[in-house]
Structures are given as structure tokens and as C-alpha cells.
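There are 4 protein chains.
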Amino acid sequence: MRESWQERFAGTPAVLKSEKRRKTVVPVLDFEIGGNEFVTMAGPCSVETEFQLMATALHVRRCGARVLRGGAFKPRSSPYSFQGLGIEGLKLLATARQETGLAIVTEVMSECDVPLVAEYADILQIGSRSMENYSLLEAAARSGRPLLLKRGMVATIADLLQAAEVVFENGNAQVILCERGIRTFETAMRNTFDAAGIALLKQISHLPVIADPSHASGCRELVPALARIAVAAGADGLLVEVHPHPDKAWSDGEQSLDFAGFDEMMASLDPYLKLRANGLDEPAGDRLAEAFG
Amino acid sequence: MRESWQERFAGTPAVLKSEKRRKTVVPVLDFEIGGNEFVTMAGPCSVETEFQLMATALHVRRCGARVLRGGAFKPRSSPYSFQGLGIEGLKLLATARQETGLAIVTEVMSECDVPLVAEYADILQIGSRSMENYSLLEAAARSGRPLLLKRGMVATIADLLQAAEVVFENGNAQVILCERGIRTFETAMRNTFDAAGIALLKQISHLPVIADPSHASGCRELVPALARIAVAAGADGLLVEVHPHPDKAWSDGEQSLDFAGFDEMMASLDPYLKLRANGLDEPAGDRLAEAFG
Amino acid sequence: MRESWQERFAGTPAVLKSEKRRKTVVPVLDFEIGGNEFVTMAGPCSVETEFQLMATALHVRRCGARVLRGGAFKPRSSPYSFQGLGIEGLKLLATARQETGLAIVTEVMSECDVPLVAEYADILQIGSRSMENYSLLEAAARSGRPLLLKRGMVATIADLLQAAEVVFENGNAQVILCERGIRTFETAMRNTFDAAGIALLKQISHLPVIADPSHASGCRELVPALARIAVAAGADGLLVEVHPHPDKAWSDGEQSLDFAGFDEMMASLDPYLKLRANGLDEPAGDRLAEAFG
Amino acid sequence: MRESWQERFAGTPAVLKSEKRRKTVVPVLDFEIGGNEFVTMAGPCSVETEFQLMATALHVRRCGARVLRGGAFKPRSSPYSFQGLGIEGLKLLATARQETGLAIVTEVMSECDVPLVAEYADILQIGSRSMENYSLLEAAARSGRPLLLKRGMVATIADLLQAAEVVFENGNAQVILCERGIRTFETAMRNTFDAAGIALLKQISHLPVIADPSHASGCRELVPALARIAVAAGADGLLVEVHPHPDKAWSDGEQSLDFAGFDEMMASLDPYLKLRANGLDEPAGDRLAEAFG
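As they're listed, the protein sequences go chains E, R, D and Y. Numbering of the first sequence is given in our numbering, commencing with residue 1 and proceeding in unit increments. Numbering of the second sequence is given in our numbering, commencing with residue 1 and proceeding in unit increments. Numbering of the third sequence is given in our numbering, commencing with residue 1 and proceeding in unit increments. Numbering of the fourth sequence is given in our numbering, commencing with residue 1 and proceeding in unit increments.
The set of hints was computed from the structure by calculation and includes no laboratory data. Only a predicted model underlies this, so the values are computations on that prediction, with no experimental measurement involved. Fair warning: there could be bad hints in the mix.
[As the list claims (entries may be wrong)] List of simulated lysine-lysine pairs, DSS-like, C-alpha gap at most 30 angstroms:
hint, chain 1, residue 1, chain 2, residue 2
1, D, 248, D, 20
2, D, 274, Y, 274
3, R, 20, E, 274
4, R, 20, R, 248
5, D, 248, D, 91
6, Y, 20, Y, 248
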């Protein structure tokens with residue numbers, strides 16, 4: 001490694017730590033992402049029915065979630081698979097917010113849909129397949145909504161920061177990065193969870209970073225372990241798939257927790273979150289951050 | 001995922017959890033690997049001088065390490081780079097053991113060297129480049145020494161278990177697996193640390209699993225974060241590079257901690273290790289393990 | 001391999017060979033892609049000036065190219081790098097077509113730009129970063145123009161076929177696939193050129209497949225070798241970067257051929273293209289194709 | 001690409017082209033590898049029976065092969081799978097040489113076996129799993145036999161050259177490199193065939209390079225296409241699996257050609273080999289080579 005970290009990431013100055021900017025905190029409704037609180041975003045992969053969504057929203061709120069996730073527009077793994085309820089799904093999400101006070105994060109896939117989705121969502125999700133869709137990034141940036149930017153399936157850390165830089169360049173500084181696993185030769189899990197990437201991002205960038213243990217593992221039995229790992233890596237929050245009946249889910253059932261599973265996961269995270277609250281997210285050992293001011 | 005986990009790993013029955021065998025504990029000198037204690041193995045990449053080795057051994061013992069690592073035979077990243085002190089290095093390691101009571105782990109690269117290295121080492125390390133060198137695995141297995149088996153640079157979890165199965169088939173059940181990062185398209189760090197792979201291994205195999213945050217990151221500033229991640233992932237121990245003067249190290253200086261850095265790392269791990277001791281390594285959420293008895 | 005090839009790719013029936021459909025031929029101006037002629041598409045990475053574009057167009061036409069490539073809207077490797085001349089670039093491309101009779105292929109990156117780009121271009125290029133931008137694919141499909149679909153940087157063959165299937169589902173059967181190298185651990189070249197993937201695609205799909213040796217290698221000295229490989233693999237054409245003064249190019253100069261280099265490449269391909277014309281693109285050995293009718 | 005090719009590969013001076021050394025030719029029995037002749041090495045994955053080996057040897061010789069391949073010591077994909085006939089297999093290979101005049105290439109996996117295998121084989125094969133087994137490389141180098149060095153499953157071009165450099169350093173300059181596909185995220189074929197890597201190696205190194213289309217594709221229907229690609233890439237020869245009854249082969253049957261398939265492949269290669277003989281292996285376009293003298 002001949003170059004310094006600053007040299008290596010010199011192409012994305014706006015999103016790196018600097019003396020002026022050490023930490024970005026994104027306010028959403030009555031809480032903050034990237035601040036002291038660890039923020040859990042939970043909900044179904046796809047919005048399916050009012051009952052499914054409301055039951056899930058009520059349950060995850062009770063366990064401490066702050067944000068309800070749910071797809072209304074779905075990137076299809078096949079052109080013939082379920083593509084989401086569209087505007088109907090957005091309306092159900094809005095109802096759920098009204099009933100529960102949870103904030104809403106949902107994906108926008110088309111630049112033409114940005115105004116519509118921005119009307120309903122508190123946070124616009126840019127999916128992995130769209131991370132390098134710069135037209136979409138620009139349109140979403142200009143909506144003024146906070147963006148949840150998922151790392152592309154084979155995006156490097158530098159690529160992810162570059163996508164965030166594009167959002168900054170378009171006047172929006174409310175970006176939340178999301179590690180969700182990368183594509184490698186390993187096939188034991190759906191993706192390879194780059195936990196060290198979370199730690200690196202927290203040291204070099206001022207942006208909040210959250211983890212998606214559901215897509216990273218593709219397997220519900222491993223989700224709690226990955227969530228613990230994410231906390232230890234310094235993540236600011238989680239994005240987790242929860243469904244009342246995972247085996248009947250219209251998409252991604254294998255990686256969705258049921259209600260009991262979500263309870264257990266949240267309980268098992270508790271002691272780790274207490275360590276985090278005690279300031280352990282920036283122990284003396286994290287000296288790379290110092291280089292960035 | 002159409003196959004069950006048991007079906008997927010059916011080729012390596014001896015190393016999977018079963019009703020009969022839930023946990024392998026490897027006794028070394030007066031302690032155990034894979035038991036209740038979290039075992040830290042630390043020391044220089046290469047044995048260089050008596051002073052370098054003894055100073056490091058004394059320091060890491062004081063901070064709680066149980067095992068001294070140090071290479072006497074080195075896999076060269078180039079045919080022209082330092083290849084280790086050979087038998088001279090082994091003798092220095094033996095002296096260090098005598099003086100400090102630390103156990104010794106050191107790499108054996110040639111099947112012809114197995115008897116020699118086994119005479120000096122408490123644990124034989126099989127390096128990443130050798131993970132699929134079955135002749136070496138067989139010779140090392142027959143030495144009767146515990147083996148520290150490092151995952152190959154592009155070995156899948158299944159490949160790693162297969163190498164362990166070969167050791168079992170040759171009559172040696174004292175295998176410690178080691179995750180040290182895999183080779184992917186990401187270049188921000190030396191390797192991509194597969195923390196989720198540790199969690200998966202702990203759920204499906206009865207073998208101890210340790211982590212090497214030094215090779216996984218290739219960057220000393222990130223080593224403490226990766227060590228924390230490893231604890232959260234359920235690892236049974238660490239293999240860490242420590243050197244009195246990393247910038248003067250004959251090999252791998254960039255990823256070696258100095259003494260103060262090692263102190264800080266150990267201190268920062270402490271609260272996480274307390275959680276682990278409270279039984280959190282097998283929380284209710286880890287249900288995959290149940291399938292394996 | 002327990003599954004047959006048909007089972008493996010069962011999700012994309014429209015783009016696989018079948019008894020009804022063995023070969024898709026895409027007519028463009030006065031020639032065809034996917035027919036008997038091997039079609040070379042050549043030109044600068046970005047449209048820069050009228051002189052640069054016209055000089056290149058005249059030269060590549062003289063050497064046998066049928067299509068002029070040139071970017072008016074550029075995906076930026078950085079938010080601060082050159083983003084293309086936009087509509088000005090499109091107008092220059094239209095002028096070049098008028099003067100030379102070459103067809104025009106140029107990238108469209110935003111679904112909102114589809115009508116504009118479709119007005120000027122004979123073939124719409126969907127870039128690697130956009131291969132999974134289904135909103136863009138749908139909009140581009142509905143334009144009625146032939147699409148040149150570049151494989152995503154980490155898209156599998158199955159992913160690429162799926163993107164093509166989306167285009168078919170939206171009523172457009174004029175899809176040209178383009179292999180341009182994939183992202184792997186290898187860093188000697190910009191990408192790893194999946195020549196075998198071309199051969200596989202030609203055996204299982206009825207769509208034309210072309211190769212981009214410029215992006216695959218990232219190095220002009222290797223472009224002629226990769227072009228030869230592509231012909232041997234059964235490709236239906238090439239997409240090559242050519243620039244009057246590569247070292248002064250505003251983008252991708254390292255991988256652009258100069259005029260003399262393009263001449264030499266075309267001459268060196270000639271005997272291979274004669275073999276191809278003699279029917280060697282479907283030798284008796286290619287028996288996988290038979291399974292697909 | 002800021003560094004020149006010479007700078008990038010500066011660590012392996014002995015195997016790069018230089019003014020003194022432009023081409024290594026390896027004499028074997030009455031022919032040469034790396035000279036004007038394109039050399040085909042063919043035979044079964046494993047030596048199984050005298051009938052199987054002799055029938056194959058006679059057939060491949062009739063079709064123009066110069067070398068008989070066949071495994072006597074097999075790297076097992078599982079500890080429970082067939083491990084080869086051992087010395088019995090070597091003796092059958094020796095008989096086949098005597099009867100047919102074909103040279104023998106067979107793998108040596110253990111440094112202890114080097115003298116034994118060197119007694120029977122004309123060329124010692126170092127398998128992919130052993131490419132970084134430097135103890136084995138050294139022992140094999142000192143045997144004085146030519147070495148066929150297969151690229152490791154995730155070895156970069158630089159890694160492969162380094163392994164060759166180790167052989168040179170141990171006094172043996174008779175190294176034949178073999179591209180056999182690398183491990184990537186793509187799962188459509190067994191490996192990703194790095195044809196461009198062959199072209200690059202031929203331009204920067206003076207060593208002969210051959211291709212193994214059987215392991216690269218893992219699928220017999222694709223072997224002829226990959227063989228053609230290899231010729232176009234500038235390879236000096238092939239290593240191909242052929243078996244009298246592939247579906248009954250004890251190992252790797254799916255990727256083995258039967259006799260008729262081998263005939264067809266050789267016939268389909270013929271016109272490409274004629275082009276090669278006409279000096280097209282170093283067309284004017286291959287200018288990278290010039291930089292190396």
C-alpha cells in the first residue's frame with residue numbers, strides 16, 4: 001500500500017471525514033440516523049396486504065424499530081416474478097406510518113417515479129442494482145429526501161463512496177450507506193457480508209452506515225449473528241426483513257425473520273448495543289480515523 | 001436454497017456437528033482452544049532475532065495471549081523475498097516457550113519438514129497457500145500435533161471443511177479452523193474478511209474457529225475493529241501479528257500492531273469477551289445449529 | 001451439473017434457442033447484425049469535437065466498420081469527470097451518419113432521455129452499469145430501436161439473459177448482447193474477458209453477440225488479440241474504441257486504438273473472418289446448440 | 001495504469017521476455033513445446049485400466065496428439081473420492097509410451113513422490129491446487145524434468161509467473177504455463193476461461209503457454225469452442241480430457257470428450273492451426289511484446 005487512505009479516496013472529497021465534517025446525522029421524523037441511537041429498520045421484503053404490513057409494523061415497533069421497510073416497486077429477479085403493488089403499496093405504507101408513527105423507507109427504481117415515491121416515503125432507498133444509475137441518483141438527490149444507498153453487488157468501497165459523492169454534488173447531504181453483502185466465489189451464503197467494509201467506512205467517511213443482514217446472508221438462521229457482527233463493526237443501524245409468515249412471503253421468504261425471531265434477535269443485540277452506547281464505537285484502537293481529522 | 005445445510009455439506013460428515021459431537025476442544029499445554037476461554041495467539045510474522053521474539057513474547061503474554069506465533073519457514077510472496085530463519089527460527093521459538101510458558105504455533109510448508117517442525121511446535125500451522133496440499137495435510141495429521149488450518153485465499157467454506165475432513169480421515173481430530181479473509185474484487189483491504197463465514201462455521205461444525213484480522217485487513221489501523229467483529233461472530237480466538245517495530249519488520253509490517261496497539265486492542269475487546277463468557281456465543285437466535293443436533 | 005442447460009436457463013424462455021427460433025437477425029440501415037456479416041462498430045469513447053468524430057468516422061468506414069460508436073451521455077467514473085456533450089454530441093453523431101452512411105450506436109443512461117437519444121441513434125446502447133436498470137430497459141425497449149445490451153460488470157450469463165428477456169417482454173426482439181469483460185480478482189487487465197461466455201451464449205441463445213475488446217482489456221496493445229479471440233469464440237461483431245490521438249482522448253485513451261492500430265487489427269482479423277464465413281461458426285463440435293433445437 | 005508492464009512484473013525477471021530471451025522451447029522426446037508446432041496433450045483424467053489407457057492413447061495419437069495425459073496420483077475433490085492408481089498407474093503410462101511413442105505428462109502432488117514420478121513421466125504436471133506449493137515446485141524443479149505449471153484457481157497472472165520464477169531459481173528453465181480457468185462469481189461454467197490471459201502471457205513472457213479447455217469449461221460440448229479460442233489467443237498447445245466412455249469415467253466424465261468428439265475437435269481446429277502456422281501468432285498488432293525486447 002503505497003498510497004495513503006486520503007490519496008486513495010481523493011476522488012470523493014465530500015463524503016470523507018475532514019476537520020470540518022466528522023459526522024453526518026440524518027434527522028428523520030423525531031429521531032436521528034448516524035447519531036447516538038442505533039436505528040433498526042424492519043419490515044417485509046414486499047408490501048403484500050394491509051394485514052401483512054400493519055401486523056408487521058406494530059410488531060417491529062414494539063421491539064424497538066424506528067423505520068418500517070417494505071417494497072412497493074420491486075426489482076425483479078425475473079421479468080415474470082412479482083413486481084410490487086406500486087402506488088397501492090405506497091398508500092399502505094403511508095397508512096402504516098399514520099397508525100404507528102414509524103418512518104417509511106421504500107425503494108425507488110425509476111427516475112420518473114421519484115416525485116411519487118418521495119411524496120410517501122421518509123427515506124428513499126436506492127437498491128443495489130441502481131447504485132450506479134447516476135440519473136436516478138441525481139433525481140433522488142434533488143427530491144430533498146434522505147437517501148438510503150445500498151452498495152452494488154460488486155461495487156468496491158470506492159464505488160459506493162462515489163455514488164454518495166454524486167448525491168452530494170446534487171445538493172443532498174443526507175445519505176445513509178448500506179452494506180448488504182457482495183458477490184464473490186463463495187456460495188454458502190447468498191452474498192459475502194463485508195463487515196470489515198463497515199468498519200472501514202466508519203473510519204474514513206462521515207456518513208452513517210447501516211447493515212442489511214437479510215440480503216447479506218440470504219438465510220434467516222444467520223441473520224441474528226450478522227446483526228451482532230454489524231454492531232461490533234460500528235454500524236449505525238440495521239435493515240432487516242420481517243414477515244408474519246416467512247414461508248408464505250411473496251418474495252425473499254428464506255431470509256425473513258418471523259415475529260418471534262425478530263424479538264430474539266433484538267434481545268440478543270441488547271448487550272452489544274449497551275457497549276456501543278458506552279462509547280465503544282470509537283475505541284482508541286481506531287486510529288485510521290485520526291488521519292482524516 | 002433447495003438443499004438443507006446437512007445435504008450441502010454431506011461430503012464432510014466428520015467435521016459437522018452431530019448428536020454425538022457438538023464441540024471439539026483442543027488441549028494445548030495448560031489451556032484449551034474451543035472451550036470457554038477465548039484464546040489469543042500473537043507474535044511477529046517472521047522470527048527475526050532473539051531480541052525481537054523474546055520482547056514480543058513477554059509483551060503479548062502480559063496482555064493475555066496464550067500462544068506465540070512466528071514464522072520460521074515463510075511462504076514467499078516472491079522467490080527473492082525473505083524465506084525465514086528455518087531451524088534457527090524454530091530454536092528461538094522453543095527458547096521463547098521455555099522462558100514464557102506460551103505455546104508455539106508456526107507454519108510447516110513442506111511434508112518433509114513435518115517431523116522437524118512438530119518437534120518444536122505445539123500447534124502446526126497449515127498456511128492458506130497449503131490448504132489444498134493434501135500430501136502435507138496427511139503428513140501433518142499423522143504427526144499427532146493439533147493443526148491450525150488457514151482458509152485458502154479462494155477456498156469456499158465447503159473447501160475448508162473438506163481439508164479438515166482429510167485431517168480427520170488421517171486420524172487427527174485436533175483441527176482449529178482459521179478465517180483470514182478471501183480474495184475478491186474489492187481492493188480497499190488486502191482481503192475480504194468473511195465474518196459471516198465464522199458464524200456459519202460455528203453453527204454447522206464442531207471445530208474451533210479463530211480469526212486472523214491481520215491478514216484479513218492488511219492494515220494495522222483496522223485490526224482492532226476486525227478483532228471485535230470476530231468476537232461478535234463467535235470466534236474462539238485470534239491470530240494477530242505483533243512486532244516491536246512494525247515499520248522495521250522484515251515482512252508484513254503494515255499489518256502488524258506495535259506493543260501499544262496490541263494493548264489497546266486487548267483492552268477494547270475486554271467488554272465483548274465478557275458478553276461472550278456470559279453465554280452469548282450461542283444465543284437463542286442461532287437456530288441453524290439445532291438442525292445439526 | 002445435475003440440471004440440463006434448458007433447466008438452468010428456464011427463466012428466460014424468450015431468448016433461448018428453440019425449434020421456432022434459432023437465430024435473431026437485427027436489420028440496421030442497409031446491413032444486418034447476427035446474420036452472415038461480421039459487423040464492426042468503432043469510434044471514440046466520447047464524442048469530443050466535430051473534427052475528432054468525422055475523422056474517426058471516415059477512417060473506420062474505410063477499414064470496413066458499419067457502425068460508428070461515440071458517447072454523448074457518459075457514465076462517469078467520477079462525478080467530477082467529463083460527462084459528455086449531451087445533445088450537442090447527438091447532433092454531431094447525426095452529421096457523421098449523414099456524411100458517411102455509418103449507423104450510429106450511442107448510450108442512453110436515463111429513461112427520460114430515451115426519446116431524445118432514439119431520435120438520433122440507430123442502436124441504443126445500454127451500458128454495463130445500467131444492465132439491471134429495468135426501468136431504463138423497459139423505456140428503451142418501447143422506443144422500438146434495436147438495443148445493444150452490455151453485460152454488467154458482475155452479471156452472470158443468466159443475469160444478462162434476464163435483462164434481454166425483460167426487453168422481449170416489453171415488445172422488442174431486437175437485442176444485441178455484448179460481452180465486455182467481468183470484474184474478478186485478476187488485476188493484470190481492466191476486466192476478465194469471458195470469451196467462453198460468448199461461445200456459450202451463441203450455443204444457447206438465438207441473439208447476436210458482439211465483443212468489446214477495448215473495455216475487456218483496458219489496454220490498446222491487447223485489443224487485436226482479444227478481437228481475434230472473439231471471432232474464434234463465434235461473436236457476430238465487435239465494439240472497438242478508436243481515436244485520432246488516443247493519448248489526448250478525454251476518456252479511456254489507454255484502451256483506444258489509433259488509426260494505424262485499427263487498420264492493423266482489421267487486417268489481422270481478415271483470415272479469421274474468412275474461416276468464419278466458411279461456416280466454421282457452427283462446427284460439428286458445437287453440440288450443445290442441438291439440445292436447444 | 002500508471003505503471004509500465006515491465007514495472008508491474010518486475011518481481012519475475014527470469015520469465016519475462018528480454019533482449020536475450022524471446023522464446024523458450026522445451027524439447028520432449030522427438031518434438032518441441034513452444035516452437036512452431038502446436039502440441040496437443042490428451043488422455044483420460046485418471047488412469048483407470050490398461051484397456052482404457054491404451055485405447056485412448058492409440059486414438060489420440062492417430063488424431064495428432066503428441067503427449068498422453070493421465071492422472072496416477074489424483075487431487076481429490078473429496079477425501080472419499082478416487083485417489084488414483086498410484087505407481088500402478090505410472091507403470092501403465094510407461095507401457096503406453098512404449099507402445100505409442102507418445103510422451104507422458106502426469107501430476108505429482110507430493111514432494112516425496114517427485115523422484116518416482118520423474119522416473120516415469122516426460123513432463124511433470126503441477127496441479128492448480130499445488131501452484132503455490134513452493135516446496136513441491138523446488139523439488140520438481142530439481143528433478144530436471146520439464147514442468148507443466150497449471151494456474152491456481154485464483155492465481156493472478158503475476159502469481160503464476162512467480163511460481164514459474166521459483167522453478168527458474170531452482171535451476172530449471174523448462175516450464176510450460178497452463179491456463180485452465182479461474183474461479184469467479186460466474187457459475188454457468190466450471191471456471192472462467194481467461195483467454196486474454198493467454199494472449200497477455202504470450203506477449204510478456206518467453207515461456208510456452210497451453211490451455212486446458214476441459215477444466216476451463218467443465219462441459220464437453222464447449223471444449224471445441226474453447227480450444228479454438230485458445231488457438232486464436234496464441235496458445236502453444238492444448239491439454240484435453242478424452243475417455244473411451246466419458247459417462248463411465250471414474251472422474252471428470254462430464255468434461256471429457258469421447259473419441260468421436262476428439263476427432264471432430266481436431267478437425268475443426270485444423271484451419272485455425274494453418275493460420276497460426278502462417279505466422280499469425282505474432283501479428284503486427286501485438287505491440288506489447290515489443291516493449292519486452
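Against the structure, the hints:
Of the pairs offered as hints, the one joining residue 248 of chain D and residue 20 of chain D is violated, with about 49 angstroms between alpha carbons and a cut-off of 30 angstroms exceeded. Distance hint between residue 274 of chain D and residue 274 of chain Y is fulfilled; the C-alpha atoms sit about 13 angstroms from each other, no more than 30 angstroms. For the proposed pair residue 20 of chain R and residue 274 of chain E, the alpha carbon gap of about 37 angstroms is over 30 angstroms, so the pair is violated. A distance of roughly 49 angstroms separates the Cα atoms of residue 20 of chain R and residue 248 of chain R; the hinted pair therefore is violated under the 30 angstroms criterion.
Of the pairs offered as hints, the one joining residue 248 of chain D and residue 91 of chain D holds, with about 22 angstroms between alpha carbons and a cut-off of 30 angstroms not exceeded. With a C-alpha separation of about 49 angstroms, the suggested pairing of residue 20 of chain Y with residue 248 of chain Y is violated against the 30 angstroms cut-off.
When the structure is compared with the earlier hints, violations turn up for hints 1, 3, 4 and 6 and for no others.
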